[in-house]
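4 protein chains.
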Amino acid sequence: MKITFIGLGIMGSRMAKNLVKEKLDVTVYNRTQSAAAELVKLGATVAKSTADAVKDADVVISMLSTPGVVNDIAFGDSGFVKHMKQNALWVDCTTVDPGFSRDAAAKARSYNVRFMDAPVAGSKIPAEKGELVFLVGGAAHDMQEVQSLFDIMGKKTVHAGDTGMGTSLKMLVNSQLAQAMVVFAESVVLGEKMGFSRDFLLEFLSALPVTAPFIKLKTDKIKSNDYSVEFPLEWMQKDLHLLGLTAYDNGVPQFMASVASEIYASAKADGFARDDFSAIIKSLEKRAK
Amino acid sequence: MKITFIGLGIMGSRMAKNLVKEKLDVTVYNRTQSAAAELVKLGATVAKSTADAVKDADVVISMLSTPGVVNDIAFGDSGFVKHMKQNALWVDCTTVDPGFSRDAAAKARSYNVRFMDAPVAGSKIPAEKGELVFLVGGAAHDMQEVQSLFDIMGKKTVHAGDTGMGTSLKMLVNSQLAQAMVVFAESVVLGEKMGFSRDFLLEFLSALPVTAPFIKLKTDKIKSNDYSVEFPLEWMQKDLHLLGLTAYDNGVPQFMASVASEIYASAKADGFARDDFSAIIKSLEKRAK
Amino acid sequence: MKITFIGLGIMGSRMAKNLVKEKLDVTVYNRTQSAAAELVKLGATVAKSTADAVKDADVVISMLSTPGVVNDIAFGDSGFVKHMKQNALWVDCTTVDPGFSRDAAAKARSYNVRFMDAPVAGSKIPAEKGELVFLVGGAAHDMQEVQSLFDIMGKKTVHAGDTGMGTSLKMLVNSQLAQAMVVFAESVVLGEKMGFSRDFLLEFLSALPVTAPFIKLKTDKIKSNDYSVEFPLEWMQKDLHLLGLTAYDNGVPQFMASVASEIYASAKADGFARDDFSAIIKSLEKRAK
Amino acid sequence: MKITFIGLGIMGSRMAKNLVKEKLDVTVYNRTQSAAAELVKLGATVAKSTADAVKDADVVISMLSTPGVVNDIAFGDSGFVKHMKQNALWVDCTTVDPGFSRDAAAKARSYNVRFMDAPVAGSKIPAEKGELVFLVGGAAHDMQEVQSLFDIMGKKTVHAGDTGMGTSLKMLVNSQLAQAMVVFAESVVLGEKMGFSRDFLLEFLSALPVTAPFIKLKTDKIKSNDYSVEFPLEWMQKDLHLLGLTAYDNGVPQFMASVASEIYASAKADGFARDDFSAIIKSLEKRAK
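Protein chains in written order, with our numbering: chain A, 3 to 291; chain B, 3 to 291; chain C, 3 to 291; chain D, 3 to 291.
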């Protein structure tokens with residue numbers, strides 16, 4: 003099976019590496035070519051254009067940043083979809099909104115390309131360790147076709163349903179993630195003003211059953227004032243924004259998620275866009291003098 | 003040591019029972035006398051008035067519903083504090099706000115009564131099993147004096163600091179609890195409109211590291227549409243309201259907690275005040291047709 | 003000048019009627035044909051398809067409900083833009099978001115059609131009386147070309163700037179409108195629970211300089227429980243949603259507008275989508291028992 | 003009639019001055035004595051303590067900052083109420099919450115002192131010009147007794163109802179005021195990012211019927227970056243906080259007001275507490291880079 007991987011950012015580079023290390027036939031493409039160097043050393047082929055990258059591929063995996071970027075790269079003037087082989091499979095791992103996935107599937111179909119939305123739960127470290135969870139929307143037999151790839155890059159695959167349902171599920175997961183972080187951070191900031199030490203709060207609150215377990219992974223870093231990026235704050239806000247789009251489409255109020263989205267927007271304006279999303283605490287503490 | 007326990011609601015009755023079962027010398031008082039019957043069978047003494055209840059006590063433990071109720075029962079015209087022995091210790095386990103605890107301590111001092119705020123983390127089941135966590139504000143030597151009682155009723159005692167700090171910590175814990183529940187419920191309600199089954203969502207989302215572990219205890223009940231009370235929704239809203247008071251006093255914005263408070267207020271208006279706070283999902287689903 | 007008017011809803015039918023009454027050469031199109039009957043009696047020509055409607059027009063004015071509908075009717079398989087005369091002018095009065103207007107302008111340009119965004123401030127009655135305010139984005143000379151039409155349908159024209167700026171300004175106007183209504187309604191509902199009569203509150207609060215003057219136009223109707231539509235609640239929520247899109251694009255938090263959007267979403271779910279947006283008070287009072 | 007005026011801040015000094023200028027018998031008291039100097043020149047008597055100030059008064063008018071301050075000055079160890087003449091009338095013009103007014107009335111009654119809540123609508127300039135609106139809660143005959151004083155200090159008196167209803171109405175008025183300002187400011191900040199000039203936005207939006215008329219009084223100052231205090235931002239947040247208390251007591255959600263309260267809290271933390279509340283725009287623009 004000839005595989006093409008498009009998008010070698012924090013996530014994509016680690017996912018592709020796991021495929022390459024298994025000696026699979028992998029062609030990679032990234033807008034910034036330098037990102038591909040390490041993968042080439044490990045055996046990947048690098049393509050100069052997306053057209054070149056996809057023309058012989060049986061499976062094209064994309065892991066990009068936003069719906070807008072997927073749209074440009076897949077369907078823009080030099081978009082790759084029109085260069086794919088007939089009946090090839092495009093697996094989009096980007097976090098987008100369900101409406102976007104469904105549109106992308108329809109457009110791909112018009113080029114006789116199969117589409118699958120397969121966003122992942124898990125960030126930098128699980129991507130590195132091959133421990134992602136794939137949330138798949140699309141036909142079951144298409145999923146079987148690439149199950150072995152998901153098994154290399156991840157530890158679990160959930161078939162969420164038809165096209166768009168993988169993306170739908172991802173919306174919910176990241177909404178929980180984003181909100182748990184900001185709820186925790188608001189409490190820590192208040193707690194400090196109440197007179198507790200930050201270290202005490204980080205340890206005490208993160209150990210409680212009222213706190214999402216992933217927080218524990220953030221508290222050590224927060225203690226040492228380390229906000230190096232695992233999941234960029236700006237993508238977290240994007241994900242809440244996409245959730246807002248789909249909540250609107252579904253006619254379901256999401257008060258908490260909406261307010262969380264505005265809090266992340268404030269943090270972006272505060273200059274934390276490219277930090278880890280746990281930097282939300284730095285933005286909040288600015289408003290608690 | 004003569005112990006008096008005031009307030010035999012969902013929590014207090016179970017906490018007192020654990021003390022009584024240890025054959026300690028316990029006098030109980032509740033506004034509704036019937037609540038004491040079982041405890042009397044087990045060996046407790048019941049008092050007809052709070053004055054009677056506390057007059058010989060070395061330690062008075064109160065577990066009531068709101069700051070207003072504590073104020074009435076402790077400091078009203080027939081308030082118990084003025085009837086306490088000199089230098090006796092009053093341990094208030096009610097969830098109140100830190101300002102209230104500090105005021106209560108000051109007033110108690112004027113009657114030569116020692117005060118300790120000792121709210122608990124944990125609801126009905128941990129109360130029953132003696133697995134509460136006590137969050138204590140007050141003097142360390144006062145805490146040692148009643149440590150053996152905390153050990154009977156709970157599995158852990160945290161000395162949070164001076165008077166009011168136990169209450170402060172409790173504010174933060176319940177804020178996490180209240181918000182985690184509503185964040186989860188908003189996602190489930192949206193997820194259903196997206197096309198997922200409720201059972202799938204309850205299982206899938208509650209198993210993720212982005213979800214607070216206590217949610218798992220709620221999902222089985224939600225599946226069977228069981229909202230029988232463990233922690234009444236109206237007290238959850240009260241706790242968020244108290245958090246709002248203390249956040250105001252500390253000059254710290256709490257956007258998420260404020261909005262959560264309004265969502266619980268809406269649920270109260272929807273008629274779910276006396277249900278378990280997990281009934282927030284029933285209120286939210288009314289707004290997602 | 004041959005004019006075509008597409009979209010004969012609450013607003014469009016009244017705007018077109020004012021043009022027709024001036025004996026201008028007007029062709030109209032609406033998906034539901036019956037809407038055109040009265041205009042035909044007054045002298046308008048009715049077209050059976052949008053292609054027919056626009057093929058000879060010098061100016062095409064569209065007044066539709068949502069960006070999605072504009073997209074279908076303008077650019078769908080039987081979209082009208084490709085049937086317009088070379089260099090003809092399309093004036094879109096629909097409330098959309100600025101990004102949409104800019105995209106529409108770019109697509110129109112590819113068909114050699116000029117584009118102008120010209121949403122209006124004012125609802126049913128101003129539309130009827132020819133007292134709308136046009137908020138125009140586009141080239142100044144294009145605006146001059148249709149100024150006489152704006153003067154018939156409106157009382158004022160504001161040249162907001164380049165393409166998209168008319169729409170941008172409309173976003174802000176409707177955001178104020180939507181929020182002023184919900185802020186007022188929340189206070190009335192609270193005031194009633196405080197013990198004031200609704201009539202007193204409606205009169206007293208609406209007369210104050212702290213209240214937007216348009217509220218006065220709503221209070222008489224609210225008094226008589228009349229929520230017949232002047233501006234449908236569902237479009238108000240749509241407009242707040244579009245504001246959210248553009249706020250996201252601009253990186254500006256809009257906490258109040260976001261929460262207002264969720265409140266309107268709740269009201270839609272409560273069944274008030276097709277009532278006047280002042281029915282927000284009916285939704286709020288359901289949550290204030 | 004012997005009148006005592008307690009509290010000579012921005013509002014109180016101007017209100018008292020209008021009484022003094024009418025050659026009424028006025029004794030004044032302020033914690034900072036210097037504030038009384040000008041009034042003494044005009045004929046007022048200054049008292050060194052509140053006890054001295056009130057002992058002969060028929061009417062005591064208080065205009066203070068917060069419920070806490072009223073509580074200290076009226077009921078603290080050297081509180082003035084116990085020094086008032088039997089059956090004298092205390093008129094509290096401070097903005098407090100209705101529960102506080104009702105408590106104050108009950109406590110005053112225990113000293114045989116009559117109480118009236120009479121907060122005002124209007125800030126610095128109307129106070130100076132004697133154009134305030136008094137919102138009165140209490141007995142009608144008590145109100146008649148001091149109507150002549152209200153007529154000097156104000157242009158209108160509204161008898162809102164029994165004790166606490168003046169305060170209740172004030173809550174609603176200030177809630178509208180606070181929210182209208184922040185809604186407007188959010189739109190201006192977004193509008194600037196959209197590409198409009200601030201001057202254009204201030205003029206255009208403030209002239210629309212969707213905008214509260216008082217905004218017009220703020221826009222000139224905002225244009226010249228003048229945030230000198232007419233109504234301090236920190237008291238605006240206090241008022242929203244008090245509204246929150248009474249909304250909780252009444253079981254009525256106030257989503258918009260709650261979020262506005264958090265926005266003002268953020269602005270306080272940003273250092274704008276002692277500026278005019280229109281400085282909310284400066285806080286918001288910090289989060290819109």
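It is worth saying that the hints were derived from the structure and are not from the lab.
A virtual CB, placed ideally from N, CA and C, is assigned to each residue, including glycine.
Careful, some of the hints might be misleading.
[What the hints assert, rightly or not] The list that follows gives simulated cross-link-like pairs (lysine-lysine, PhoX-like), each with its CA atoms no further than 25 angstroms apart:
hint: 1; chain 1: D; residue 1: K157; chain 2: A; residue 2: K195
hint: 2; chain 1: A; residue 1: K158; chain 2: B; residue 2: K218
hint: 3; chain 1: C; residue 1: K126; chain 2: C; residue 2: K57
hint: 4; chain 1: D; residue 1: K43; chain 2: D; residue 2: K84
hint: 5; chain 1: C; residue 1: K218; chain 2: D; residue 2: K225
hint: 6; chain 1: B; residue 1: K158; chain 2: A; residue 2: K218
hint: 7; chain 1: C; residue 1: K218; chain 2: D; residue 2: K288
hint: 8; chain 1: A; residue 1: K291; chain 2: D; residue 2: K291
hint: 9; chain 1: C; residue 1: K57; chain 2: B; residue 2: K288
hint: 10; chain 1: D; residue 1: K284; chain 2: A; residue 2: K288
hint: 11; chain 1: D; residue 1: K84; chain 2: A; residue 2: K291
hint: 12; chain 1: B; residue 1: K43; chain 2: B; residue 2: K84
hint: 13; chain 1: C; residue 1: K109; chain 2: C; residue 2: K131
hint: 14; chain 1: D; residue 1: K291; chain 2: D; residue 2: K225
hint: 15; chain 1: C; residue 1: K109; chain 2: B; residue 2: K291
hint: 16; chain 1: A; residue 1: K218; chain 2: B; residue 2: K50
hint: 17; chain 1: C; residue 1: K126; chain 2: A; residue 2: K109
hint: 18; chain 1: A; residue 1: K126; chain 2: A; residue 2: K157
hint: 19; chain 1: A; residue 1: K4; chain 2: A; residue 2: K131
hint: 20; chain 1: A; residue 1: K84; chain 2: A; residue 2: K43
hint: 21; chain 1: D; residue 1: K284; chain 2: C; residue 2: K218
hint: 22; chain 1: A; residue 1: K195; chain 2: A; residue 2: K109
hint: 23; chain 1: D; residue 1: K23; chain 2: A; residue 2: K284
hint: 24; chain 1: A; residue 1: K158; chain 2: A; residue 2: K23
hint: 25; chain 1: C; residue 1: K158; chain 2: C; residue 2: K126
hint: 26; chain 1: D; residue 1: K291; chain 2: B; residue 2: K84
hint: 27; chain 1: C; residue 1: K218; chain 2: B; residue 2: K284
hint: 28; chain 1: B; residue 1: K157; chain 2: B; residue 2: K4
hint: 29; chain 1: B; residue 1: K195; chain 2: B; residue 2: K126
hint: 30; chain 1: A; residue 1: K284; chain 2: D; residue 2: K84
hint: 31; chain 1: C; residue 1: K57; chain 2: C; residue 2: K131
hint: 32; chain 1: A; residue 1: K157; chain 2: B; residue 2: K158
hint: 33; chain 1: A; residue 1: K195; chain 2: A; residue 2: K25
[Claimed, not checked] Among chain D residues calculated to face chain B with C-beta under 10 angstroms, some are:
hint: 34; residue: V48
hint: 35; residue: F206
hint: 36; residue: V254
hint: 37; residue: P255
hint: 38; residue: Q256
Verification of the hints:
1. The suggested pairing of K157 of chain D with K195 of chain A is violated, with an alpha-carbon distance near 44 angstroms, which exceeds 25 angstroms.
2. Between the alpha carbons of K158 of chain A and K218 of chain B the distance comes to roughly 20 angstroms, so the proposed pair stays at or under 25 angstroms and holds.
3. Between K126 of chain C and K57 of chain C, the direct Cα distance comes to roughly 29 angstroms. Violation of the 25 angstroms bound is thereby established for this hinted pair.
4. At roughly 29 angstroms between alpha-carbon atoms, K43 of chain D and K84 of chain D are farther apart than 25 angstroms, so this suggested pair is violated.
5. For the given pair, K218 of chain C sits about 29 angstroms from K225 of chain D by alpha-carbon distance, which is inconsistent with the 25 angstroms threshold.
6. Restraint check for K158 of chain B and K218 of chain A: the C-alpha separation of about 20 angstroms stays at or below 25 angstroms, so the hint holds.
7. Annotation: proposed proximity of K218 of chain C to K288 of chain D is violated, straight-line Cα distance about 35 angstroms (limit 25 angstroms).
8. Among the hinted pairs, K291 of chain A with K291 of chain D is consistent with the structure: their alpha-carbon atoms are about 21 angstroms apart, no more than 25 angstroms.
9. Between K57 of chain C and K288 of chain B the CA atoms are separated by roughly 48 angstroms; this puts the pair beyond 25 angstroms, and the hint is violated.
10. Distance restraint check for K284 of chain D and K288 of chain A: the Cα-Cα separation of roughly 15 angstroms lies within the 25 angstroms cut-off, and the hinted pair is therefore satisfied.
11. In summary, the hint linking K84 of chain D to K291 of chain A is not supported, as the alpha carbons are separated by about 39 angstroms, beyond the 25 angstroms threshold.
12. For the hint pairing K43 of chain B with K84 of chain B, the CA-to-CA distance comes to about 29 angstroms; that exceeds 25 angstroms, so the pair is violated.
13. The suggested pairing of K109 of chain C with K131 of chain C is violated, with an alpha-carbon distance near 34 angstroms, which exceeds 25 angstroms.
14. Of the pairs offered as hints, the one joining K291 of chain D and K225 of chain D holds, with about 19 angstroms between alpha carbons and a cut-off of 25 angstroms not exceeded.
15. This hinted pair does not check out: K109 of chain C and K291 of chain B have alpha carbons roughly 37 angstroms apart, beyond 25 angstroms.
16. About 49 angstroms separates the Cα atoms of K218 of chain A and K50 of chain B, which puts this hinted pair outside 25 angstroms; it is violated.
17. Restraint check for K126 of chain C and K109 of chain A: the C-alpha separation of about 39 angstroms exceeds 25 angstroms, so the hint is violated.
18. About 14 angstroms separates the Cα atoms of K126 of chain A and K157 of chain A, which keeps this hinted pair within 25 angstroms; it holds.
19. For the suggested pair K4 of chain A and K131 of chain A, the alpha carbons sit about 23 angstroms apart, so the restraint of at most 25 angstroms is met.
20. Distance hint between K84 of chain A and K43 of chain A is unfulfilled; the C-alpha atoms sit about 29 angstroms from each other, more than 25 angstroms.
21. Distance hint between K284 of chain D and K218 of chain C is unfulfilled; the C-alpha atoms sit about 31 angstroms from each other, more than 25 angstroms.
22. For the hint linking K195 of chain A to K109 of chain A, the alpha-carbon distance of about 53 angstroms lies beyond 25 angstroms, and the restraint is violated.
23. Of the pairs offered as hints, the one joining K23 of chain D and K284 of chain A is violated, with about 54 angstroms between alpha carbons and a cut-off of 25 angstroms exceeded.
24. Restraint check for K158 of chain A and K23 of chain A: satisfied, since their Cα atoms lie roughly 19 angstroms apart, inside the 25 angstroms limit.
25. Restraint check for K158 of chain C and K126 of chain C: the C-alpha separation of about 16 angstroms stays at or below 25 angstroms, so the hint holds.
26. Annotation: proposed proximity of K291 of chain D to K84 of chain B is violated, straight-line Cα distance about 58 angstroms (limit 25 angstroms).
27. Using a Cα cut-off of 25 angstroms, the hinted pair K218 of chain C and K284 of chain B is violated, with the two alpha carbons roughly 36 angstroms apart.
28. For the hint pairing K157 of chain B with K4 of chain B, the CA-to-CA distance comes to about 22 angstroms; that is within 25 angstroms, so the pair holds.
29. Between K195 of chain B and K126 of chain B the alpha-carbon distance is near 33 angstroms, which puts this suggested pair outside the 25 angstroms criterion.
30. For the proposed pair K284 of chain A and K84 of chain D, the alpha carbon gap of about 50 angstroms is over 25 angstroms, so the pair is violated.
31. Annotation: proposed proximity of K57 of chain C to K131 of chain C is violated, straight-line Cα distance about 30 angstroms (limit 25 angstroms).
32. Simply put, K157 of chain A and K158 of chain B have alpha-carbon atoms about 36 angstroms apart, too far for the 25 angstroms limit, and the pair is violated.
33. The straight-line distance between the Cα atoms of K195 of chain A and K25 of chain A is roughly 54 angstroms, outside the 25 angstroms bound, and the hint therefore fails.
34. Violation of the interface hint for V48 of chain D is found here, the shortest Cβ-Cβ separation to chain B being roughly 33 angstroms, above the 10 angstroms cut-off.
35. Below 10 angstroms, beta-carbon pairs count as interface contacts, and F206 of chain D has none with chain B, the closest being about 30 angstroms; its hint is therefore violated.
36. The interface hint given for V254 of chain D holds, since its Cβ lies 7 angstroms from the closest Cβ of chain B, which is under the 10 angstroms cut-off.
37. Taking 10 angstroms as the C-beta contact cut-off toward chain B, the hint placing P255 of chain D at the interface holds, the least distance being around 4 angstroms.
38. Interface restraint check: Q256 of chain D against chain B, minimum CB-CB distance 7 angstroms, threshold 10 angstroms, status holds.
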